[in-house]
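J.: Dock chain B against the given chain A, drawing on the hints supplied.
Protein sequence lines correspond, in order, to chains A and B.
Per our numbering, the first sequence runs over residues 33 to 599.
Per our numbering, the second sequence runs over residues 6 to 441.
In short, the hints are calculated from the structure, not lab data.
Even for Gly, the Cβ is constructed at its ideal location relative to N, Cα and C.
Cross-link-like lysine to any residue pairs, in silico, SDA-like; alpha carbons within 25 Å at most:
#1 A:56 to A:42
#2 A:321 to B:301
#3 A:573 to B:49
Have a look at the derived ranges for each label pair, beta carbon to beta carbon:
#4 B:10 to A:134: 21 to 31 Å
#5 A:500 to B:82: 24 to 34 Å
#6 B:414 to A:521: 51 to 61 Å
The lines below spell out each chain.
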Amino acid sequence: MIIGLDVGGTHTDAVVISSNGIEKSIKVPTESADLFNTVLSGFTRLLASIDPGRIRRVVISTTLTTNAIVQQTMEPVGMIVSAGPGIDPEFFRTGDHYYAVSGSINHRGREKAPVNENQIQDIAGKLKNAGVEYVGVVSKFCVRNPAHEILIKRILNKYFKQVFLGHHVSGNLNFPRRIATTHLNAAVFALHRSFFEAVKKSLAEKGLTVPIQILKADGGTMSLEASMHFPGQTVLSGPAASIMGAIPYAPAGQDAIVLDIGGTTTDIAFLVDKAPLLEPVGIQRGRYKSLIRSLRTDSKGIGGDSALRVSGNVLSIGPDRQGPAMAFGGPLPTPTDALVVLGLMDTGDREKALAGIHTIAQALGISDEAAAENIFKTCCTIILKKTFEMIDQINSQPVYTVHDFLEGYKLSPRKILLLGGPAPYFAKKIEDLYQIDTLAVPESAVANAIGAALARTTCEVSLNADTEQGIVTAHEEDFAEPISKTFSEDELMETAYNLLREKAINSGADPENMDEVEVVEYQKFNIVRNFSPRGKIFRTKMQLKPGLIKGFDKMLHQRGNHAESNA
Amino acid sequence: MLKAMHKTGLVFFPAFDWAIDPTHPEREERLLYTQDQVMEEGIFDIPGIMEYKPALATPKDIQRAQFCVPDEETITTESHLISAGGAKVIADAVMGKEVQNGFALVRPPGHHSMRVSHGGRGFCHINMEAIMVEYIRTRYNVKRIAIIDTDCHHGDGTDNIFWHDPDVLFISLHQDGRTMFPGTGFPGELGGPNAKGSNLNIPLPPGTSTEGYLYVINHCVRPVLDAFKPDLVVNSAGQDNHYTDPLTNMNFCAQGYAQLTTLLKPDIAVLEGGYAIEGALPYVNLGIILAMAGIDYTGVVEPDYNPEKLKQSVSITDKIKKTVDQINGFWGQRHQMREAAGNPGELQVRHREIYYDTDNIFERQKERIRICRDCGGSFEIDSRAMPGRHILAVHIPINACKTCIEKGYAFFESAPAGTYDQIYLMDRPKDSYHTK
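Pulled out of the complex, with its shape left as it was, chain A reads as follows:
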């Protein structure tokens, strides 16, 4: 049996799943001031009737790091960055303890200006005096050559508790995002460690001693130990959990849309042949941009509890939430009230819902029934419009080869999977309006916990081979090996696969769930100088795709269909 637990903003959901399907599911309110207690009480209730000895896997998704960012309770971190030629690194300042230093590496990974060791010593002293305990070091193009970061770390090691290096964060190029991401890892490290050490200890006391897996923003898991190096990767794992929970119901070999309709917002994501689409570079939310691998999601400020208003004969929905629906004692009418009025939902106080919808109907000069219908339809239209905009955006993403331009993949979903409380009511309406096969995911109230429980370990490696310089590197993995002039694509792929496998095992992957390897990127270039070939550059990215572990999804699917026919 396996456990998935997802701490959300308002509720915490947890499930125990066996090969027969869901054995137990619970929902408890989240105490945002005491997440530890929330997690613990979740486990206490789950394990009340289940023998901890039978549990083989535990996956936890929390809002711990997300909250730390939002509430700005992150640890002060010292950042040392070396930029070389380009945009002024002052633009990427992370806080008070931010130092741009000399030293420069170019795009081929060649040193162009050395590190000034005295300067680093000097900064170390200043940071130490300021009481800083964690430091991030990022140099431009460190993914091509991390020598400067490593040298700076050697100088800093004896002064600080932990030093985080930019080249470990990602194999992707993007200096500003690398700075932000390295900073985040350093800033939430202490919080993350103390939290999960406490969780681990408490679970052990309950007799639950299997290794704990943590859910990441890319819908994959990593071991607790691996998470200590990259705690930032746990940010926004909540939306990822839900999307993963929809995968058992996604069509094979086709594209699908996942809509998670919550109280305030609706999250939108896409699946291609049961695998979620990833962000090309990393998570971004507004001005915050990172290199954290993440599912490609966007959210629209519309949900079951969105405030309804009429101004000048025009109905507006959201983006704010002023409380629950009037049917549940809220102050303003909401889409949920419309569902109650239409008789689609039979919970809540129908009188109160009607009173709310009546004010909207009057303002619009139509009947209560027509107003409710109008609200419901408008909600669907807004959500789908945003979804189609995202599809257009994904399909108009720039490409860099003639081949991709002419034959690049075009996303064209033929199915919608709905999650969240109001999902069952929306499914039929959306299908009627848009003629797209739409399914409310069974057990959708705990789909997030199911998604967490079933998510497999993911990881990615980026390799760069340069036969002119005679080296193949994957600096993110601290890997560098000499190669000959005749190094080939096959050798590159073999090296990449071995590194990926090793990384996956170190992150807690089950060897049985490691066959979904994908070459994300492959490029080969001849290096030519003065009209004669000097060597070749090979680049590749290989990943273990996000997806579900084996042995559970089938059972769940059968049960799902069964539950659906009961509804």
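T.: Just chain B, lined up with the frame of chain A:
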């Protein structure tokens, strides 16, 4: 906060799977390090910088600017069409006011491709800027356009396409033709009889440094632009004036390119040549992008930049000043020169010989143009390529007067049958293209 002062659109199409041949300078690797630098700097994350996906240019787009022999499909590859299409996408973004300016970082280049194109010359098969400019004129009805070609090689293709067009000001800055392909672009080359002075060619001596380039911009290009008052400024942004370029002998640098861009204020820049792909292009392209977006670029300096080594000699400075004085003189007399160029209604004949170095073709042309005071004048080009075809191409300019339109059709209709493999008519006022 880092933010673009001017909203800037970018099309980045490095065509990582296309080369003229494996060891040719125009090859897959050319924009690889530029891409690395642009990605590492996080350019596409900067608010106000938008990346656009290129589109495919159509034969119709090319037929507004050029006569492709035997046809568009035969002499182009998809990469050419995406490159021209990329310039078109930027044009739409700028003209539609989605962005204030835009830069098409596309390859292959196009500025050596002429009005009649039998194939590849100077790595160019079709002319991206000309195709874009004609698209803009037809679609957005823009009248006066200036094209400033800052590639180190004379932009002879663009020069040729707009040779007779008084509404398009073409200025090329390049290394002296006596020392450099294509061997043309001397100060006396000023445009056809109906458009004298609307083409300005400014040859620069080998060894010209940043000082020299900026002198020409400040003392010639800028004042000419201010007098011409274009509705749109296009920069053919070649990057081979760089001090490390393997094909040229100049001493320009990334800071210089960025400053030049700030001074020119192009609405649209289109990448042309530039073959110092590792030491120059990443920094030059970054400098141009930041300059267009109005972001501080003072940190964009090549790692091995040494201004002392790149200083230009006094004799070079003197030569440049003399050339600038000469060009300014021509510009000042452009109206008189047009009056003196011939009598309205007469046909003026010009013979040309063109060598296609990329495809090894030799072409002979006989061009006949109607002298006209009211428009650019219709003309016909009798062109014979060896190896290749013998064709007649007739062009009626976009703002043609009634008489010139009639003359254009007369050229087309009276062409003796049997003499030519193909006869072409480009009717710009009607936006149509005919062959027989």
